[in-house]
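Enquirer: Listed below, chain by chain, are the residues.
4 protein chains.
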Amino acid sequence: MEKINKSVLNQVITPRNPESYKGNYGKVLIISGSTHFGGATILCSSAAVNTGSGLVTVATIPEKFTAINVKIPEAMTIDYQNKKALTEAIKNSDVIAVGPGLGTSSIAKGVVKAALTQTNNKQTLILDASAITIIAQENWPLESKANLILTPHQGEWQRLSGLDIAEQNPKSNAQSLQQLNPEALLVLKKHHSEVYYHETTAQIEAGNPGMATGGMGDTLTGIIAGFIAQFGFSFQTVSAGLLLHSTIADKLNKDNYVVLPSKVIEKLPKYMAKYSYKD
Amino acid sequence: MEKINKSVLNQVITPRNPESYKGNYGKVLIISGSTHFGGATILCSSAAVNTGSGLVTVATIPEKFTAINVKIPEAMTIDYQNKKALTEAIKNSDVIAVGPGLGTSSIAKGVVKAALTQTNNKQTLILDASAITIIAQENWPLESKANLILTPHQGEWQRLSGLDIAEQNPKSNAQSLQQLNPEALLVLKKHHSEVYYHETTAQIEAGNPGMATGGMGDTLTGIIAGFIAQFGFSFQTVSAGLLLHSTIADKLNKDNYVVLPSKVIEKLPKYMAKYSYKD
Amino acid sequence: MEKINKSVLNQVITPRNPESYKGNYGKVLIISGSTHFGGATILCSSAAVNTGSGLVTVATIPEKFTAINVKIPEAMTIDYQNKKALTEAIKNSDVIAVGPGLGTSSIAKGVVKAALTQTNNKQTLILDASAITIIAQENWPLESKANLILTPHQGEWQRLSGLDIAEQNPKSNAQSLQQLNPEALLVLKKHHSEVYYHETTAQIEAGNPGMATGGMGDTLTGIIAGFIAQFGFSFQTVSAGLLLHSTIADKLNKDNYVVLPSKVIEKLPKYMAKYSYKD
Amino acid sequence: MEKINKSVLNQVITPRNPESYKGNYGKVLIISGSTHFGGATILCSSAAVNTGSGLVTVATIPEKFTAINVKIPEAMTIDYQNKKALTEAIKNSDVIAVGPGLGTSSIAKGVVKAALTQTNNKQTLILDASAITIIAQENWPLESKANLILTPHQGEWQRLSGLDIAEQNPKSNAQSLQQLNPEALLVLKKHHSEVYYHETTAQIEAGNPGMATGGMGDTLTGIIAGFIAQFGFSFQTVSAGLLLHSTIADKLNKDNYVVLPSKVIEKLPKYMAKYSYKD
Numbered sequence: 014m015e016k017i018n019k020s021v022l023n024q025v026i027t028p029r030n031p032e033s034y035k036g037n038y039g040k041v042l043i044i045s046g047s048t049h050f051g052g053a054t055i056l057c058s059s060a061a062v063n064t065g066s067g068l069v070t071v072a073t074i075p076e077k078f079t080a081i082n083v084k085i086p087e088a089m090t091i092d093y094q095n096k097k098a099l100t101e102a103i104k105n106s107d108v109i110a111v112g113p114g115l116g117t118s119s120i121a122k123g124v125v126k127a128a129l130t131q132t133n134n135k136q137t138l139i140l141d142a143s144a145i146t147i148i149a150q151e152n153w154p155l156e157s158k159a160n161l162i163l164t165p166h167q168g169e170w171q172r173l174s175g176l177d178i179a180e181q182n183p184k185s186n187a188q189s190l191q192q193l194n195p196e197a198l199l200v201l202k203k204h205h206s207e208v209y210y211h212e213t214t215a216q217i218e219a220g221n222p223g224m225a226t227g228g229m230g231d232t233l234t235g236i237i238a239g240f241i242a243q244f245g246f247s248f249q250t251v252s253a254g255l256l257l258h259s260t261i262a263d264k265l266n267k268d269n270y271v272v273l274p275s276k277v278i279e280k281l282p283k284y285m286a287k288y289s290y291k292d
Numbered sequence: 014m015e016k017i018n019k020s021v022l023n024q025v026i027t028p029r030n031p032e033s034y035k036g037n038y039g040k041v042l043i044i045s046g047s048t049h050f051g052g053a054t055i056l057c058s059s060a061a062v063n064t065g066s067g068l069v070t071v072a073t074i075p076e077k078f079t080a081i082n083v084k085i086p087e088a089m090t091i092d093y094q095n096k097k098a099l100t101e102a103i104k105n106s107d108v109i110a111v112g113p114g115l116g117t118s119s120i121a122k123g124v125v126k127a128a129l130t131q132t133n134n135k136q137t138l139i140l141d142a143s144a145i146t147i148i149a150q151e152n153w154p155l156e157s158k159a160n161l162i163l164t165p166h167q168g169e170w171q172r173l174s175g176l177d178i179a180e181q182n183p184k185s186n187a188q189s190l191q192q193l194n195p196e197a198l199l200v201l202k203k204h205h206s207e208v209y210y211h212e213t214t215a216q217i218e219a220g221n222p223g224m225a226t227g228g229m230g231d232t233l234t235g236i237i238a239g240f241i242a243q244f245g246f247s248f249q250t251v252s253a254g255l256l257l258h259s260t261i262a263d264k265l266n267k268d269n270y271v272v273l274p275s276k277v278i279e280k281l282p283k284y285m286a287k288y289s290y291k292d
Numbered sequence: 014m015e016k017i018n019k020s021v022l023n024q025v026i027t028p029r030n031p032e033s034y035k036g037n038y039g040k041v042l043i044i045s046g047s048t049h050f051g052g053a054t055i056l057c058s059s060a061a062v063n064t065g066s067g068l069v070t071v072a073t074i075p076e077k078f079t080a081i082n083v084k085i086p087e088a089m090t091i092d093y094q095n096k097k098a099l100t101e102a103i104k105n106s107d108v109i110a111v112g113p114g115l116g117t118s119s120i121a122k123g124v125v126k127a128a129l130t131q132t133n134n135k136q137t138l139i140l141d142a143s144a145i146t147i148i149a150q151e152n153w154p155l156e157s158k159a160n161l162i163l164t165p166h167q168g169e170w171q172r173l174s175g176l177d178i179a180e181q182n183p184k185s186n187a188q189s190l191q192q193l194n195p196e197a198l199l200v201l202k203k204h205h206s207e208v209y210y211h212e213t214t215a216q217i218e219a220g221n222p223g224m225a226t227g228g229m230g231d232t233l234t235g236i237i238a239g240f241i242a243q244f245g246f247s248f249q250t251v252s253a254g255l256l257l258h259s260t261i262a263d264k265l266n267k268d269n270y271v272v273l274p275s276k277v278i279e280k281l282p283k284y285m286a287k288y289s290y291k292d
Numbered sequence: 014m015e016k017i018n019k020s021v022l023n024q025v026i027t028p029r030n031p032e033s034y035k036g037n038y039g040k041v042l043i044i045s046g047s048t049h050f051g052g053a054t055i056l057c058s059s060a061a062v063n064t065g066s067g068l069v070t071v072a073t074i075p076e077k078f079t080a081i082n083v084k085i086p087e088a089m090t091i092d093y094q095n096k097k098a099l100t101e102a103i104k105n106s107d108v109i110a111v112g113p114g115l116g117t118s119s120i121a122k123g124v125v126k127a128a129l130t131q132t133n134n135k136q137t138l139i140l141d142a143s144a145i146t147i148i149a150q151e152n153w154p155l156e157s158k159a160n161l162i163l164t165p166h167q168g169e170w171q172r173l174s175g176l177d178i179a180e181q182n183p184k185s186n187a188q189s190l191q192q193l194n195p196e197a198l199l200v201l202k203k204h205h206s207e208v209y210y211h212e213t214t215a216q217i218e219a220g221n222p223g224m225a226t227g228g229m230g231d232t233l234t235g236i237i238a239g240f241i242a243q244f245g246f247s248f249q250t251v252s253a254g255l256l257l258h259s260t261i262a263d264k265l266n267k268d269n270y271v272v273l274p275s276k277v278i279e280k281l282p283k284y285m286a287k288y289s290y291k292d
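If you read the sequences in order, they're chains Z, C, G and D.
Numbered per our numbering, the first sequence spans residues 14 to 292.
Numbered per our numbering, the second sequence spans residues 14 to 292.
Numbered per our numbering, the third sequence spans residues 14 to 292.
Numbered per our numbering, the fourth sequence spans residues 14 to 292.
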């Protein structure tokens, strides 16, 4: 499989226009979290803020607002149990990421359904974690007017595609994606993660086993959301987000046995500055 | 438009009198926050504390007290829904900043009304964000016995002045301000922000697009509040606060693609020390 | 007035016995905080933990437990509204500090009364902030079986002693203390704070106006509590705690216009290590 | 008594397989915390996360979820008062640590009983703090199908073994352990802590009196849990975890009079990286 070249970082992470304002960097909505999975929300939203998204709104349950205020004072919050508020937030966002720590309750199902059905073709919808599990369990068609991105790990991809992990390979994955939705972009999280979109597939060479810890996937979802909000939906944008995540983790892994997601997040502004300089 | 010279930092940020005590550095009241906008309160109050305000009280809703205690243990809290407590807090403060994350509920309106009507001519009242929106929406006269400072971004200024963003220019802005309240000071937040007061107008040259992210305006409001509490109300004081905010952000932007408000805040004591040294 | 010599730091901060365990470093109880003053509790308790107290228990209201768990996971918590629990905690502690952020409610009064009456002659009781105000307001005799330490600022000392700030001087202060309780130790917080005990009075030369900010006094109280828990009640111990607080603040003030209490606290373990080395 | 050689760190902390994923690094369940002891949960769980456990779930009371989300976003949470949820979590975990900050309420007793009776022979069960006190008080047989590890300090060991601290010595400790459960592994926390397992006993030479502070034992429990989750149950694994804890603390003690548990925890990834490099 083709390798994603590091030059994609330089190409995607463009210097900002001096006369721009926060409206130019997109509105991100992270729909995430439930009573027992509050940390996923923090990691995903914090990643989106640290990439430089213009505005980040976190749709979660109110009992998580205090933790979000403490950890991500730059973000706003809404209650996803309030259907009207959720609908309005979806409508007002450029990128919607749904799933981290959401669980599979009936409320979670309603929320995923809202994200699938209320988005439009100017928007990007990222389906992650519980959102993928729900779609698989409910056997819902993978349909939305938005640009669709799926970010499963191999177990979640198995649920969605029906492919056992042993059966998962570039060809079978591409075929399954084609059947699920030929317009969707797939990020398959694994050792050397892969991106599938239309006829293109590619793989990163970065990544390390110190990343094998809870919350790393939630963090990646936040990064991809922030990248699309700023740089637009494309195979390149997603590839750059994916590669940056692992590139930072690789640097950290030299001095850290386990690479904690929060450490990757705090390095985002520095590494993005570095790659935004053009020589 | 005249540029604000960096020497204003040295002029305004004076070394402290060795025999002074916290009563000399002013009492700041930040009236801010609501269920869905808790982070704005944290950023604004934290900025006021980090500039060196003598005492900072945060008037917000009780569900935000835990986050404030965690992030700003130096601050006190009151519930702005308690009219008596709010009235007393306004009376006891030197500088009152109202608006960040306040929202436009009827409670928020009452709170802004209290700030406008209960302040006296020894005090400074800073109107920001939701407070400006409310005054525009309600078509209230822009009147208060206090020294008045407005800190809108261009969209909020449009609501208040009626000037479309395209129509906003030094002349039209000055005229609108004159009509709204000839004694008010206007900080217009934009690319190279501008200050208007009486016949004087000036602009900073600092600032960068990495600042285009949520919470930057709330942070500026807290800095200006802290500066006035310590250095007194004046065109110079406000200019110095505005310039310091962007100067710190410019330094951070060299190594950070996005400049997060919390990073600007944590650098305040160091940069203020630096500019307080007179050669 | 005699100056407290820096050598007191070396004398008091003794290297620990390699075979000691946490029981050797004392049990500290911080009775502190109320709905609107949660930060004082965090600063005071955090200072006590960072000096090296064996065990710190925070008696406060339950709505502050989350903030304490986040900021000081090393501490335990109890609810001071539970009389039985408070009585037991007082009985089990070596040092009890009461007052920071306590307010002057009837519950606060009961709590101060409990501290005054339930302590014994093996214990040290530190009265700070609201505790001093309550005793002054209620005109209670300043009596306790415990070693008594008072840590007022000049305004609180005025309330307790009846001396206007202009009337406060070494002689009048010593006389007032003699009348209030000839066995009590007084730390008068001011520019170059002073210590009074029996016939001895002394003053620190350290201290700077960057310390003139909310929470500095709460921090000092926590340091003194931690010092007595480890090094025993004495004029020297209190002087060393007082001097360390200002010495750290003086170092920080070189690079920080305002010296935030939380920064002093985080430096405690390093400076104590430094002064524990005997040449 | 034999000394644990530093080489055990190198032997146990093996480099990770590049193709591994988080399932390879174990599922840890920390059953911990109660209203007044919330910090113990944070320290223990945070230590488990920072060693590199694949997934950490914290079973505690819901009022502690916010603090956990803030401090350890990588962890999941459940309510141990929900018997069904607790049973399922125990079943799904590789390592279960029970006791830190649990208290001795009837709910705590039920929780310890569940841990003892619902674990199986593929699992490791670590009994610490309140769990040991409960077993001693209730005179329960020390029985479980899981690999059993006890981590008492000397006072807790006295309660469990009946040996006064003065009577505790390698021989008496080994005999008591034999009687309590000949398959259990004992970590006796003291000056130069000791490990007992089958016929083997050994002692670390690391450790310092700066560690004599609240929360150090909770931290050790989390480290041991994380080590077993990754490196498997063995005398070596436990010895390595114990030694690493004190080795990091010794380095910190050079510059810190008191070694706070949170500082040991934050250094775990760096020291584990260091010891994982094989020359």
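Keep in mind that the hints are not guaranteed to be accurate.
It does not matter which identical chain is used: a pair holds within one copy or between any two.
To be verified - Pairs of lysine-lysine residues, derived as DSS-like cross-links and limited to a Cα-Cα distance of at most 25 Å, are as follows:
(1) Lys-267 <-> Lys-19
(2) Lys-126 <-> Lys-276
(3) Lys-35 <-> Lys-16
(4) Lys-276 <-> Lys-264
(5) Lys-35 <-> Lys-267
(6) Lys-19 <-> Lys-287
Derived by calculation from the structure, the hints in this document are not laboratory data.
Enquirer: Look at each hint and say if it fits the structure.
Expert: Evaluated hints:
no. : hint                : verdict
1   : Lys-267 <-> Lys-19  : both (19 Å within a copy, 22 Å between copies)
2   : Lys-126 <-> Lys-276 : neither (33 Å within a copy, 38 Å between copies)
3   : Lys-35 <-> Lys-16   : between (33 Å within a copy, 24 Å between copies)
4   : Lys-276 <-> Lys-264 : both (11 Å within a copy, 22 Å between copies)
5   : Lys-35 <-> Lys-267  : between (35 Å within a copy, 19 Å between copies)
6   : Lys-19 <-> Lys-287  : within (13 Å within a copy, 28 Å between copies)
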